[in-house]
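Chains as they are written, first to last, in UniProt numbering: chain A, 1 to 526; chain B, 1 to 526.
Treat each hint with caution, since some may be false.
Note that identical chains are pooled: a pair holds if it fits in a single copy or bridges any two copies.
Claimed, not checked - With a straight-line Cα cutoff of 25 Å, these simulated SDA-like cross-link-like pairs (lysine to any residue) come out:
{"#": "1", "residue 1": "376", "residue 2": "270"}
{"#": "2", "residue 1": "253", "residue 2": "512"}
{"#": "3", "residue 1": "376", "residue 2": "282"}
{"#": "4", "residue 1": "197", "residue 2": "50"}
It should be emphasised that the hints constitute simulated quantities derived from the structure, not laboratory data.
Number of protein chains: 2
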Amino acid sequence: MSSPALLRRAPQLLRASLVARLSSSKSPAPGPSTQKSSASFSAPSFPCVDAHAVRESRLLASKNLSTAASADPDPCDTGPEPPYARPNPTSYHVYHHPHPLPLTYHPHAPLPNFDIAYETWGTLSPAKDNVILLHTGLSASSHAASTPLNPAPGWWEAFIGPGKAIDTNQFFVICTNVIGGCYGSTGPSSIEPATGKPWGTRFPIVSIFDMVRAQFHLLDSMGVHRLYASVGCSMGGMQSLAAAWLHPERVGKIASISGTARSSPSAVAMRFAQRSVLMADPNWKNGFYYDSLPPHTGMKLARQIATITYRSGPEWDLRFGRQLRPMTTSDTDTSAPDIPPALSLTHAGPARAPALCPDFLIETYLDHQGEQFCLKYDANSLLYISKAMDLFDMTHPALSALSIRRSRPHSGSSTSSESAEPSSSHPHKPSHKTSHSKSHPPPVNPPAHLSDLAQGMAPLKDIPTLVLGVQSDILFTVEQQREVADALRMGGNERVSYYELGGVWGHDTFLIDVLNVGGAIRGFLS
Amino acid sequence: MSSPALLRRAPQLLRASLVARLSSSKSPAPGPSTQKSSASFSAPSFPCVDAHAVRESRLLASKNLSTAASADPDPCDTGPEPPYARPNPTSYHVYHHPHPLPLTYHPHAPLPNFDIAYETWGTLSPAKDNVILLHTGLSASSHAASTPLNPAPGWWEAFIGPGKAIDTNQFFVICTNVIGGCYGSTGPSSIEPATGKPWGTRFPIVSIFDMVRAQFHLLDSMGVHRLYASVGCSMGGMQSLAAAWLHPERVGKIASISGTARSSPSAVAMRFAQRSVLMADPNWKNGFYYDSLPPHTGMKLARQIATITYRSGPEWDLRFGRQLRPMTTSDTDTSAPDIPPALSLTHAGPARAPALCPDFLIETYLDHQGEQFCLKYDANSLLYISKAMDLFDMTHPALSALSIRRSRPHSGSSTSSESAEPSSSHPHKPSHKTSHSKSHPPPVNPPAHLSDLAQGMAPLKDIPTLVLGVQSDILFTVEQQREVADALRMGGNERVSYYELGGVWGHDTFLIDVLNVGGAIRGFLS
C-alpha cells in the first residue's frame with residue numbers, strides 16, 4: 001500500500017483498534033463519552049483509558065507509514081517516531097571512544113566501546129583551565145542551552161550564557177548525555193557490536209561512576225586535564241561528587257544541587273514504583289521492543305508517578321487547589337448549562353457529575369506530563385539510569401567494595417590509579433566535629449552511616465564544595481542535603497558552602513529558581 | 001475434564017502461559033533466572049515481571065477448576081478466588097435496606113436499595129446511649145476486631161475490647177463496611193437489580209456523605225438515635241466529620257484520627273496515580289471483569305504506590321536502610337560463593353550483580369505488600385472509594401452546592417431535614433479568632449479556604465471533637481490536621497482536643513501506635 005493510502009487509512013485503523021479494545025471488554029455498548037448524571041446509570045466510557053489505545057493505534061499507523069516510506073524515503077518525513085529512535089548528530093557533537101569502558105558491576109565484561117553526545121558553550125581558554133563539566137538529571141539530554149547547531153531552548157537555558165549564573169564569557173561549559181541514556185550516548189537503545197541489534201536489557205547495569213569515567217575520557221580527548229568546576233543537579237549532583245571522588249586532582253570545585261551522596265530507601269521506593277509500572281507494560285517485552293511499539297502506556301504511568309516526586313503539595317495547593325479541569329464538549333449536560341465550570345466540583349453541581357477519569361486540574365496536569373514524556377524518552381534508559389541512582393552510595397564500606405579504580409589523590413597524573421582500598425587513601429578516620437564551626441555546628445545525634453559517609457567522601461576534603469537543597473523536595477530531601485554537607489565537614493572539608501532554599505517547587509526548584517539557585521552558583525564559581 | 005485432571009494439568013497451563021509470554025517478547029532465549037555478572041552479557045530474565053504471568057496462570061487454572069467444580073460442588077473448596085467474590089455473611093451481620101438511597105452526585109437516580117455489612121462489640125445499653133460508630137479507612141472491612149463469628153484478629157484488634165482504648169465493657173461498638181466496598185456492603189461487585197449482573201462501573205459515584213447516610217439507616221434499624229461518639233481513622237476521619245455535619249443532634253463526640261476535612265491536591269495526585277495504573281491493566285476492561293480475571297497486576301502496582309503513601313522515609317531509613325533483599329538460590333554465583341549477602345549491594349560485590357528487578361529490601365517489601373493485597377480487594381471498590389475521598393470537601397461553598405439534605409440542627413428529630421443552604425443553618429460567619437486561646441493561638445496567615453472550612457464545619461461547633469494527626473504522615477499531612485482543628489475553633493467550637501504525634505510510621509500510625517493513639521482516644525471518650 002502506498003504511503004498516502006496508508007495515511008488515509010490511519011484513522012480507520014485507529015477506530016478499528018479502539019472499537020476492538022472496547023468490545024473486548026465484554027461491557028455494555030459504550031454510551032456518552034464521560035460518566036454523566038442521569039435518571040438511570042448509563043454505560044460508562046473512559047476517555048482517560050481509551051487514550052492509551054488511541055496512542056497505540058496512532059503509533060502503529062505511523063510505524064506502518066515509516067516502514068512503507070523506507071522503501072521510498074521522504075527526507076521531510078520526521079513522523080511521530082520517538083526522537084531517541086532517530087538520533088540527530090547534527091545537533092550535538094559525538095565523541096566515540098573505541099576502547100572498552102570497565103564497568104563497576106561487571107568487572108569481567110567492560111562495555112566494548114561507547115559514544116558520548118555532548119554540547120559546549122563559551123570558549124575554551126588557551127590554558128584549558130576554564131572548563132565547567134555540567135551533569136544532568138535522569139532524563140535530560142546534553143542540550144542544556146541553545147547552540148548554533150540547535151537553537152531550541154535547553155533544559156537550563158536561563159542559567160547558562162553570557163552574564164548568566166554560569167557565565168559563558170568566562171567559562172567553557174560542557175554538558176553530556178550520560179552513558180545509559182538515549183540522546184546520542186551509548187545506552188540500551190544503541191546497537192550491540194556483537195549482535196548488530198539494539199542492546200535492550202542485554203545492556204549491562206551501569207553506575208554513576210561509570211557515567212563519570214566515560215565523561216573523563218571525553219575530557220581527555222579534548223586535552224582538558226583539570227575542571228574549573230564539576231556542577232550537577234539531581235542525579236547530576238551525584239555525578240559531581242563522584243567525579244571529585246574518582247579524580248580529586250582534576251576537579252577544582254564541586255557543586256551538588258539537590259543531589260545526594262547516598263540514595264535513601266524512600267527515593268528507591270519511588271523509583272521502584274516507576275520501574276514496576278513500566279516493566280509491567282506488555283509492550284516492554286523484557287526490554288526487547290525496538291522492532292515493535294515502545295511501552296508508551298507504562299512510560300506515561302511512570303512519568304505521572306515521577307512528576308509527583310518532582311513537585312510538592314504546597315505548590316499544588318497554590319497552583320491547582322481543588323479546581324476542576326476545564327469542561328469539554330463531551331461534559332455538556334443540557335439540564336444545567338449555565339453553571340460555570342471553573343468552580344470546585346461540588347460547586348459545579350449537576351453541570352458535570354464526577355467520574356473515575358480525571359476531574360481535578362491536578363489530575364489533568366499529571367496526565368499531561370505523562371502524555372508529553374511517554375514517547376520522548378527510551379523506557380530502558382529510564383530503567384537503567386534510575387537503577388544507577390538507586391545504587392549510588394558514597395559511604396566508605398560501599399565504595400571500598402566497588403570493583404572500580406580511581407586515580408591516586410594528589411598524584412597529578414590521570415593515568416596512575418589505585419583501587420578504592422580505604423586505609424591507604426584516607427588514613428584519618430573523620431572526627432565528628434572536624435571543620436564544623438559556630439555557624440555550622442556538627443549534627444546532633446548523627447545517624448550511624450554519617451561517619452561512613454564522611455570517611456567515604458574524605459578524598460573530597462580539599463575541594464571547595466557547594467551543597468544546595470530545597471526544603472520542599474520530597475525526592476532528594478533537605479535532610480539528605482544536610483547529610484552531604486555534614487559528611488564533607490566531618491571528613492575535614494573546611495570550604496563547604498551550604499544553602500537551603502524555601503519555596504514550594506520541590507525537587508524541580510533547580511530548573512525554575514534562577515534567582516536563588518543561579519545566584520548561589522554564580523557566587524560559588526566566582 | 002474432571003476437576004482432579006484439571007488440578008494435575010494446572011502446572012502445565014502455568015508453564016505454557018509463561019513460556020508463551022516470554023517467547024512473545026521475541027527476546028533471546030531466557031538465560032539464568034536473574035541478571036548475572038559474567039564475562040559476556042547474558043540474556044536477562046525478569047522474575048519480578050514474570051510473577052504477573054505466573055499469577056495470571058494460577059488464577060486461570062483455579063478459575064477453570066472452580067467452573068468445573070461448580071457442576072460438582074465441593075463445599076470444602078475455598079480455593080484461591082478473591083474473598084470479595086465469595087462474601088461470607090456468616091462472619092458478619094448484614095442490614096438490608098429495601099428502599100432507595102439518594103446519592104450526592106446523582107440527584108435523580110438513587111441507589112435502588114443496599115446492604116450494609118457490620119459487626120459489633122460490647123453490649124448495647126438499655127437506653128441505647130453507649131454506641132460508638134467506627135468508620136474505616138479505604139480498604140478495611142467491618143472486621144475491626146475478632147468476634148465469636150470471626151475469631152481472626154481485626155484491623156484495630158489492639159484498640160477495641162474490654163479495658164482497651166475503646167472499652168467494650170462500657171461501649172457498644174459498631175463497625176461497617178462502607179457503601180462502595182466489597183466486604184458485604186453494596187458496591188460495584190454487587191448485583192445490579194435492573195440487570196441481574198454485577199454493577200461494574202455502571203455503579204454510581206458515591207460520596208463520603210452517601211456512605212454515612214447508609215450507616216445512619218443501619219442505626220435507625222437498631223433504634224439507635226444518638227451516638228455516644230463517631231470515631232474514624234483516615235477516610236474514617238472524613239466520615240466522622242461528615243456524620244456530625246449531617247446529623248449534629250445525633251452525634252455526641254467526634255474523633256478524627258489522621259483524617260481531613262478537605263482532600264488536598266497532593267493526596268488526589270497520589271490516588272490518581274493508583275487509579276491510573278489500575279485502569280490501564282488490560283484485565284480491568286472498563287470495570288466489567290467479574291466474569292473473567294481481575295486486574296491483579298494493576299492492583300499490585302496500585303498497592304505498591306499506596307504503600308509508599310502509608311509509611312514514611314524515616315521509618316524505611318531505620319527499618320530497611322540500604323539493605324539488600326535476601327539471596328535466593330537463583331542468585332548464586334559460584335565465582336564468589338563466600339561473600340555474605342546481608343551487606344549493602346556494593347559490599348556484596350561480585351556475589352550478586354544488581355538487576356532491574358528488586359535488589360533492595362525496600363523494593364521486596366513494596367512488592368510483597370502489592371502481592372498480598374492484589375487479590376484481597378475489588379479493583380472497582382478501590383476506584384470508587386478513592387474517588388469519594390478525593391471529592392470530600394467541607395468548605396462552605398462546596399457543601400452548599402451538594403444536592404444532599406441534612407437534618408435540622410438541634411431539632412431533636414431525625415426525620416425533619418433541610419437543604420444545605422448556608423445562611424439559615426449557620427448565620428454567623430466565623431471569626432478568625434473565635435474559640436482560640438493562648439494554648440491554641442489562631443493560625444498566622446490562614447489560607448483563604450480556612451474561613452470557608454470554618455463556615456462549612458460550623459454545624460459541628462457544639463460537639464466535642466478530637467483531632468489527632470501525625471507529623472510524618474505524607475498522605476493526610478499534619479498541616480491538614482491543624483487545618484481541621486483551626487477551622488473547628490474558628491467556627492466556634494471550644495472543645496477541640498488536638499494532638500500531633502511524632503514517630504516515623506507516617507499515615508499508618510493509627511494502626512500501630514496503641515499507646516499514643518489509643519491513649520488519646522481513651523482520654524477523649526471518658
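Consistency of the hints with the structure:
1. When the C-alpha separation of residue 376 and residue 270 is checked against a cutoff of 25 Å, the pair qualifies both within a copy, at 21 Å, and between copies, at 24 Å.
2. For the identical chains of this complex, residue 253 and residue 512 are intra-copy neighbours only, at 23 Å inside a copy versus 47 Å across copies, given an alpha-carbon limit of 25 Å.
3. Taking the shortest Cα distances, residue 376 and residue 282 sit within 25 Å of each other both inside one copy (19 Å) and across copies (24 Å).
4. Only between protomers do residue 197 and residue 50 lie at most 25 Å apart by alpha-carbon distance; the minimum there is 24 Å, versus 33 Å within a single protomer.
Every hint from the earlier list agrees with this structure, and none is contradicted.
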